[in-house]
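Asks: Generate the whole structure from the sequences, applying the supplied hints.
There are 2 protein chains.
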Amino acid sequence: MPLQPLDATLQETFRERMDPAIFSLPDIGYLQEPRGRYTGTSPLLARPRDLFEVVTLVKLANEMDVGIVPYAGGTGLVGGQVMVDGPAAMLLSVERMNRIRDVDARDNVLVCEAGVILADVQAAAAAADRLFPLSLAAEGSARIGGNLATNAGGVQVLRYGNARDLCLGVEAVLPDGTVFNGLKRLRKDNTGYDLRHLLIGSEGTLGIITAASLKMFPAARERATALVVVEDPDAALTLLNIMRDHVDDTITAFELMSAEGYRFLAEKVPDAPQPFAEIPAWSVLVELGSGHGGRLEERLMAALEAAMSKGVIDALIAQSEGQRQDFWAVRERIPEANRLIGAISSHDISVPVSKVPEFIKRTGPLLMAMGADIRINCFGHLGDGNLHYNVFPAKGGDRSEYEGRYKAIKDCVHEVTDALGGSVSAEHGIGRLKTGDLERFGDPGKLLAMRAIKRALDPKGLFNPGAVLRV
Amino acid sequence: MPLQPLDATLQETFRERMDPAIFSLPDIGYLQEPRGRYTGTSPLLARPRDLFEVVTLVKLANEMDVGIVPYAGGTGLVGGQVMVDGPAAMLLSVERMNRIRDVDARDNVLVCEAGVILADVQAAAAAADRLFPLSLAAEGSARIGGNLATNAGGVQVLRYGNARDLCLGVEAVLPDGTVFNGLKRLRKDNTGYDLRHLLIGSEGTLGIITAASLKMFPAARERATALVVVEDPDAALTLLNIMRDHVDDTITAFELMSAEGYRFLAEKVPDAPQPFAEIPAWSVLVELGSGHGGRLEERLMAALEAAMSKGVIDALIAQSEGQRQDFWAVRERIPEANRLIGAISSHDISVPVSKVPEFIKRTGPLLMAMGADIRINCFGHLGDGNLHYNVFPAKGGDRSEYEGRYKAIKDCVHEVTDALGGSVSAEHGIGRLKTGDLERFGDPGKLLAMRAIKRALDPKGLFNPGAVLRV
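These protein sequence lines map, in sequence, to chains A and B.
Sequential numbering of the first sequence, starting at 1, is according to this note's numbering.
Sequential numbering of the second sequence, starting at 1, is according to this note's numbering.
Keep in mind that the hints were calculated from the coordinates and are not lab data.
Cβ atoms here follow ideal geometry from the backbone N, Cα and C, with glycine treated the same way.
Keep in mind that a hint or two might mislead.
Derived, one-sided and incomplete: chain A residues facing chain B with beta-carbon distance under 7 Å [to be verified]:
(1) Phe180
(2) Gly385
(3) Ala426
(4) Gly445
Pulled from the structure, derived: some chain B residues nowhere near chain A, Cβ distances all over 10 Å [claimed, not checked]:
(5) Met1
(6) Gln4
(7) Gln11
(8) Arg17
(9) Arg47
(10) Thr56
(11) Lys59
(12) Ala119
(13) Ala266
(14) Arg324
(15) Asp326
(16) Glu336
(17) Gly342
(18) Ala369
(19) Arg375
(20) Glu401
Replies: Encoded structure:
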């Protein structure tokens with residue numbers, strides 16, 4: 001039986017069989033993805049208040065063969081939360097399931113429902129003198145269920161890992177309405193297949209995560225932050241390894257920035273700090289954090305000194321919290337400048353860390369050969385091999401003039417990525433934007449297995465139809 | 001079609017269709033598990049030399065409906081590698097696939113085949129001035145493919161995670177002969193379902209891991225090691241949190257030991273060190289590691305001082321490498337003493353870290369109430385909430401006299417574990433020993449999903465029949 005469009009009659013059935021207060025017509029905010037790439041259509045928004053209501057919704061959807069698009073904060077960048085074609089489906093938002101159930105400083109565990117906003121998770125951990133390290137631009141509106149469903153990354157992955165590494169257990173509703181009660185708080189549990197890891201990153205196609213138990217960490221007692229000018233990405237990589245040798249896992253951030261980022265800020269965000277008199281071709285924002293007595297500044301200096309003959313040109317070390325925030329503002333406002341300029345094509349790629357310099361060396365000239373009237377702003381999480389590699393019009397140009405080149409640019413970036421053993425989606429996921437890329441670049445064996453798993457857990461294809469796997 | 005016993009005719013077919021040099025009759029070493037709990041039967045041992053031969057074996061097994069038991073180092077403690085009943089199956093050992101393909105210090109990645117012995121992986125990393133942190137008693141004979149298949153734990157999990165956390169990618173053969181080419185070296189890759197995490201810990205029931213790319217870390221430049229006497233497990237836990245506040249992720253080991261462990265050593269391993277004049281009721285082996293300039297001893301002292309009024313009674317800090325090794329010898333020789341005494345029942349349980357004291361307080365009296373003629377040696381990875389909780393005969397007694405009490409003791413330990421939200425297999429897995437426990441204590445939703453996944457990827461039930469899931 002194919003999926004049925006959620007027409008007026010079927011909508012009526014939902015309203016009759018459940019508390020109608022949980023249903024409404026979704027306003028436009030639910031249907032647009034943040035970069036304006038897609039506008040979806042959905043005739044019905046369900047906002048269940050607890051696990052039981054989610055189960056009931058899923059069972060009814062099953063009975064009527066109606067698709068469900070799970071929705072958390074709506075901040076995903078690949079259209080995983082926005083359905084644009086296929087039989088009209090229900091939007092299921094977890095926003096009302098937003099209780100923090102427990103914060104246990106002794107266990108270093110926080111248990112919360114899927115609809116809690118990421119910044120609220122961070123704040124609850126901080127209130128218990130602990131750190132929840134997942135940190136990303138959209139943290140003020142992203143919800144933890146979506147962060148887990150997409151295995152979100154961000155600026156502290158180098159030390160703490162992706163969202164999946166921060167999660168001890170999940171509670172989830174599977175496509176047949178079965179509840180997976182996996183909210184354990186265990187650091188070790190080798191009892192059968194790791195369903196948690198299968199659900200995390202499956203983008204709502206295998207289950208709806210309704211709650212999670214999350215790892216907390218000691219809050220940093222000391223910090224040291226530097227903006228380091230390096231000769232080139234190769235020197236940045238050398239610096240990373242020297243730093244690790246000195247300060248090891250205390251490195252919480254290692255963010256590469258190119259001159260174009262600073263220029264974009266100067267052009268579009270003039271109130272953003274410009275810490276250097278002359279914009280450096282390449283620079284790295286480094287931050288360390290530790291417990292008491294870590295003497296991080298001293299050790300950071302020692303590491304920088306050891307790197308001085310190896311491509312480190314200059315370094316500013318933050319002398320105050322204000323200066324630290326200025327350094328971070330450079331990194332964090334680059335995406336804002338990017339948006340104001342308007343990218344022709346944005347890429348979230350990863351390659352093995354050691355291949356980052358080669359990736360940059362190869363890709364730029366290839367793109368320039370297609371027409372030099374572009375600007376490339378390459379920045380990102382060097383320690384993870386993850387670059388945000390974005391292509392923009394020449395100064396004064398408009399992205400609309402470049403529409404015809406979008407595909408060629410995207411293909412070029414993805415082909416170099418693939419040739420270097422990389423990934424065309426490092427942290428944003430597949431959603432609906434990259435289903436074709438997954439088919440093209442994904443391992444065929446993996447695709448076969450993914451399809452078999454999808455069929456096994458969701459034979460009707462009810463959950464997030466068209467996302468991740470088209471068929 | 002049910003599985004066919006691998007009789008002489010079918011064996012002949014294998015030998016005819018492939019190079020017969022890879023087949024032999026398995027000697028007894030392959031058929032016994034280390035604790036002597038099971039002796040398996042298998043009429044044919046295959047020792048393929050490369051991926052292609054594994055694929056061919058799997059395809060032939062498929063054609064003939066013959067089961068395959070994957071075999072790595074044979075050191076598992078739950079019978080996952082030993083088939084005792086059901087239609088005779090082929091033993092497939094990866095021991096000849098033992099090449100280290102690459103050690104890349106810049107990427108901090110090591111790529112090797114599944115048959116490489118764990119100690120050899122560690123040594124190859126060390127030769128590149130790096131650390132591969134997976135470390136456990138059987139490292140001299142365990143093979144990395146088995147460590148991954150069972151998601152092995154060990155003594156450095158607190159800082160570095162389980163085997164799954166140390167693995168960036170796997171190459172594996174699925175039950176239909178499909179190759180999953182997932183040997184990426186990426187720190188971030190959000191392209192579809194995480195098949196790697198599904199295979200890791202599935203104990204050879206979903207795929208045969210043939211190679212892996214592994215994470216390396218900076219080698220420790222400084223270390224500090226202490227044996228700390230604490231009032232009770234509660235005080236040990238308080239110490240752990242104070243330590244984390246001071247030295248954070250530099251804690252590489254935090255191992256709890258009870259007086260019984262020291263007494264067992266005195267009784268059965270008299271050449272083992274006894275660092276204390278009087279055996280402490282409870283003690284913790286703490287080790288820290290860091291990069292250059294970590295001043296670990298100083299910071300360790302500060303943390304211990306902060307804990308002095310909170311249940312820390314005494315502490316010995318290793319003043320030399322020799323003393324450090326003595327401290328470790330206490331911890332590492334306890335399993336040897338245990339073996340010499342002979343446990344009635346051994347348990348590898350985990351509970352939320354904060355529940356460890358309660359677990360200990362509740363379980364002992366319950367067991368004693370069944371008959372006080374027992375001794376309990378409880379030790380393990382407190383930082384992970386993982387205890388090896390082993391029950392022994394009274395001094396001079398023999399385990400054979402206690403056979404009738406085995407089940408009651410096991411059930412009691414597992415029931416308390418379950419009541420505290422714990423796991424009846426923290427690091428050893430399910431294998432064939434604990435299939436009943438999984439059925440009893442596992443989440444029903446998880447079991448349903450596991451069965452659906454098993455059917456989807458291995459509809460004939462060829463891979464490791466009877467392990468993890470009985471049906």
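Asks: Could you tell me which of the hints above the structure violates, numbers in ascending order?
Replies: Checked against the structure, no hint fails, so every one of them is satisfied.
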